[in-house]
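Undergrad: So the protein lines, in turn, are chains A and B. Under our numbering, read the first sequence as residues 1 to 283, first letter to last. Under our numbering, read the second sequence as residues 284 to 566, first letter to last.
It should be emphasised that the hints constitute simulated quantities derived from the structure, not laboratory data. A few of these clues could be false.
Said to hold, decoys possible - Residues from chain B shown here face chain A by an in silico Cβ test under 7 Å; the list is partial:
1. I303
2. E498
3. N563
Claimed, not checked - Just so you have them, the derived chain B footprint on chain A, three or more residues with Cβ under 8 Å:
4. 76 to 84
5. 210 to 220
6. 234 to 242
Claimed, not checked - Quick list of simulated restraints, FRET-style, between CB atoms:
7. E428/B with N280/A: 43 to 51 Å
8. A320/B with A37/A: 43 to 51 Å
9. N170/A with S531/B: 57 to 65 Å
10. K50/A with L306/B: 55 to 63 Å
11. K34/A with S531/B: 35 to 43 Å
12. E146/A with A456/B: 53 to 61 Å
13. G125/A with K410/B: 17 to 25 Å
14. A37/A with E428/B: 53 to 61 Å
15. A51/A with R448/B: 27 to 35 Å
16. R448/B with L45/A: 55 to 63 Å
17. S531/B with T40/A: 37 to 45 Å
18. N414/B with E146/A: 48 to 56 Å
19. K127/A with E546/B: 25 to 33 Å
Note that the structure is a prediction, hence the values are computed from the model and not measured. Note that the Cβ used here is the ideal one computed from N, Cα and C, for glycine as well.
There are 2 protein chains.
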Amino acid sequence: MKNIFIIGVGLIGGSFALDIKKLHPESTIYGIDKNEAHLTEAIALNVIDKAAEFEDLEKADLVILSIPVDAAINVLPKVLDHVSDNAIVFDVGSTKEDICDKVKNHANRRNYLAVHPIAGTEHSGPKAALNGLYKNKTNIICEVEETAFKLQEKALKLFSDLGMRIRYMNPKAHDKHIAYVSHLSHISAFMLGKTVIDKEKNERDIFDMAGSGFESTVRLAKSSPAMWTPIFQQNKTNVIETLDEFISNLNHFKKLMEEDNFEAVYEEMESTNYIKDILNGIQ
Amino acid sequence: MKNIFIIGVGLIGGSFALDIKKLHPESTIYGIDKNEAHLTEAIALNVIDKAAEFEDLEKADLVILSIPVDAAINVLPKVLDHVSDNAIVFDVGSTKEDICDKVKNHANRRNYLAVHPIAGTEHSGPKAALNGLYKNKTNIICEVEETAFKLQEKALKLFSDLGMRIRYMNPKAHDKHIAYVSHLSHISAFMLGKTVIDKEKNERDIFDMAGSGFESTVRLAKSSPAMWTPIFQQNKTNVIETLDEFISNLNHFKKLMEEDNFEAVYEEMESTNYIKDILNGIQ
Chain A
1 MKNIFIIGVG LIGGSFALDI KKLHPESTIY GIDKNEAHLT EAIALNVIDK
51 AAEFEDLEKA DLVILSIPVD AAINVLPKVL DHVSDNAIVF DVGSTKEDIC
101 DKVKNHANRR NYLAVHPIAG TEHSGPKAAL NGLYKNKTNI ICEVEETAFK
151 LQEKALKLFS DLGMRIRYMN PKAHDKHIAY VSHLSHISAF MLGKTVIDKE
201 KNERDIFDMA GSGFESTVRL AKSSPAMWTP IFQQNKTNVI ETLDEFISNL
251 NHFKKLMEED NFEAVYEEME STNYIKDILN GIQ
Chain B
284 MKNIFIIGVG LIGGSFALDI KKLHPESTIY GIDKNEAHLT EAIALNVIDK
334 AAEFEDLEKA DLVILSIPVD AAINVLPKVL DHVSDNAIVF DVGSTKEDIC
384 DKVKNHANRR NYLAVHPIAG TEHSGPKAAL NGLYKNKTNI ICEVEETAFK
434 LQEKALKLFS DLGMRIRYMN PKAHDKHIAY VSHLSHISAF MLGKTVIDKE
484 KNERDIFDMA GSGFESTVRL AKSSPAMWTP IFQQNKTNVI ETLDEFISNL
534 NHFKKLMEED NFEAVYEEME STNYIKDILN GIQ
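Work the whole structure out from these sequences, hints included.
TA: See the structure below:
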């Protein structure tokens with residue numbers, strides 16, 4: 001792996017760049033980004049070695065497409081137009097059905113691997129890039145059989161070197177389940193933040209009353225709207241289904257309280273408590 | 284401060300015990316708890332020195348009432364019946380209006396200080412007790428003027444030694460605002476956990492897809508239902524109001540998605556993003 005291209009030098013792409021450079025010090029890491037300031041910053045931070053253009057992709061051994069999913073869906077075919085037979089191209093988006101569908105008939109479909117690393121923070125931009133971000137993280141790969149075997153191998157070797165665990169899923173199942181375990185959490189955090197800010201906007205002192213529990217619950221409301229809006233758009237049907245169920249559960253909880261049925265309120269919480277065991281499996 | 288009594292030797296009471304023993308090594312820390320196993324465990328862990336009974340409270344210099352708020356409301360008058368003029372008694376509950384109302388005409392009302400330390404974790408029991416839990420944490424004191432001046436002084440000296448910042452509020456305002464910045468977060472976490480568990484109960488593998496974001500958002504769903512049910516009961520009116528507003532915000536977000544108004548979806552998130560600045564003030 002000599003020539004590595006990172007398209008979108010933010011948290012996710014930048015973190016791949018840092019770890020790959022450590023694994024392959026001989027490689028050159030090129031950055032492509034429509035945000036010139038991010039490119040300059042990424043070079044200054046030694047996240048990438050130099051800036052590049054789409055025309056340079058013909059020499060790529062590896063291309064990582066780490067941009068918002070609405071942009072990714074348009075840029076991926078262009079990337080596949082440029083790369084050679086030996087290049088593996090993977091995206092990192094939080095939705096997989098639309099992007100897989102978009103390139104299913106592309107002449108270079110077999111250069112592409114649909115990937116979703118379950119890693120990140122609520123921060124963004126090149127300065128958010130972290131060493132070792134992917135260690136022990138789950139990496140979901142979709143429709144692996146559509147990728148050329150030797151390129152699958154190349155990508156899997158890299159993921160293994162980064163310390164990731166692989167899970168294979170089809171894009172439809174991925175998008176459905178990720179709506180529950182990721183997308184809904186983000187909406188919940190944003191709307192919880194909104195509810196409290198709306199109420200307390202004239203009483204900023206009130207946030208002195210908030211503890212680490214509140215912080216934990218709304219942490220994801222720091223996330224980038226530019227990244228998350230297209231995710232919700234592409235995964236609209238699944239996300240609306242999760243919202244329906246979440247709202248229905250909240251209404252039920254409220255109704256139990258209104259009816260003074262606090263035994264049932266207790267049961268609602270008690271029966272969810274075993275999330276402890278589930279969470280112990282995460283991280 | 285020679286004789287310190289902790290009623291309820293769990294996370295909150297136990298953490299006070301650990302820090303107070305460090306500040307006052309000459310003191311004896313007594314534990315009162317209806318759970319015998321917790322008393323035994325607290326002694327074994329050196330969280331308390333010895334077990335005691337209500338009759339022993341007459342020798343108390345300080346009594347900390349750290350039990351669920353439904354029990355606290357019944358136990359506090361009994362404690363005030365037993366203590367001497369020199370004892371300061373404070374509770375630590377997450378609701379303040381009902382307990383202040385309960386003892387407002389008690390002969391020993393001036394021995395009592397209504398306190399809510401904004402500290403804790405999602406764990407419980409004596410083994411959850413932590414050294415230094417209260418350092419740099421906010422401590423809300425309600426209707427301070429109802430407590431004897433020399434006993435206020437004693438309590439404030441302790442809170443200052445523990446490193447806490449004091450905020451004074453009236454019980455009504457406390458209960459209203461804490462519903463937003465604490466109680467609602469807990470319900471949101473529990474119902475989010477429930478939504479995902481209900482959907483995915485037959486597919487435990489799915490939780491492999493969950494990342495630290497999901498964990499952060501549902502962390503509070505590990506909390507004790509025995510502690511939280513009476514809090515929601517005592518703060519019913521305020522909590523229902525927060526739920527109404529949260530559900531209404533979620534419905535609005537869903538409606539924007541259904542109408543494909545993703546510009547407005549972006550705006551919803553963008554306008555909540557400044558929670559970053561607010562959260563920077565916490566912890």
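Undergrad: Any hints from earlier that this structure breaks? Give me their numbers in increasing order, please.
TA: Of the numbered hints given earlier, those the structure breaks are 1, 3, 4, 8, 9, 13, 15 and 16, listed in rising order.
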